[in-house]
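Take the sequence shown: its position 119, counting from 1, is numbered 119 in full-length UniProt numbering, and each next residue is one higher.
Take the hints with a grain of salt, since some may be wrong.
Claimed, not checked - No farther apart than 20 Å at their CA atoms in a straight line, the calculated lysine to any residue pairs in the SDA-like style are these: (1) LYS26 x TYR6; (2) LYS26 x GLY85; (3) LYS26 x ARG82; (4) LYS26 x PHE71.
Since the hints were made in silico from the structure, they are not lab data.
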Amino acid sequence: MHAMQYAIPLPADYDMEIIRNRVKSKGHLLDDFEGLGLKAYGIRERGVDGSPVNQYAPFYLWADPEAMNRFLTGDGFRGVIRDFGRPAIQHWQGLFHRPGPASSGVPRAFSRRTETLPDSADPAAVIAHALTAHEELATTDGVHSTTLALDPRHWELVHFTLWADAVPESEAGDRYQVLHLSAPGAHRLGAGRQW
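Make a model of the complete structure from these sequences and hints.
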């Protein structure tokens, strides 16, 4: 499993209906994309749920890294580049993914938090602690699914959770609205500890 996200910043006065309509017309194109675990078409909207910015920021979980490469060099991503420029892409090696109690429904939101491992920390201990927290989170009412992944270049963890409804106030990190979920290979992402 491989996690990936890019964020496209949009002007403060940008009409976010343009993004909503784009996702309505094109979101289904990845509903059957071979090798994709899931894609959450996420947006942040200035003034909504504490967001200071307008942003289109989809989050992907790839069951097959070759599929990620095929997507990044294919027509769909060429359209993103044509319309918005080529965004920087963050990516992480998947450590854990588990569906939650709300996994049979369609999520309306996701939270994403990154955590840089301190230089003095034992990476194995920090990751083990984070895995335990995600195992517990996966049993929480309202959780569609939760994922933990690692960028070993920057020693950064990403905590990604899809929610049936709004992200709870207690959840730290950035909050996104989910406009559409493509999940052709969610069953291939595995369950429980992956590390």
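Indices of hints not satisfied (ascending) | The structure breaks none of the hints.
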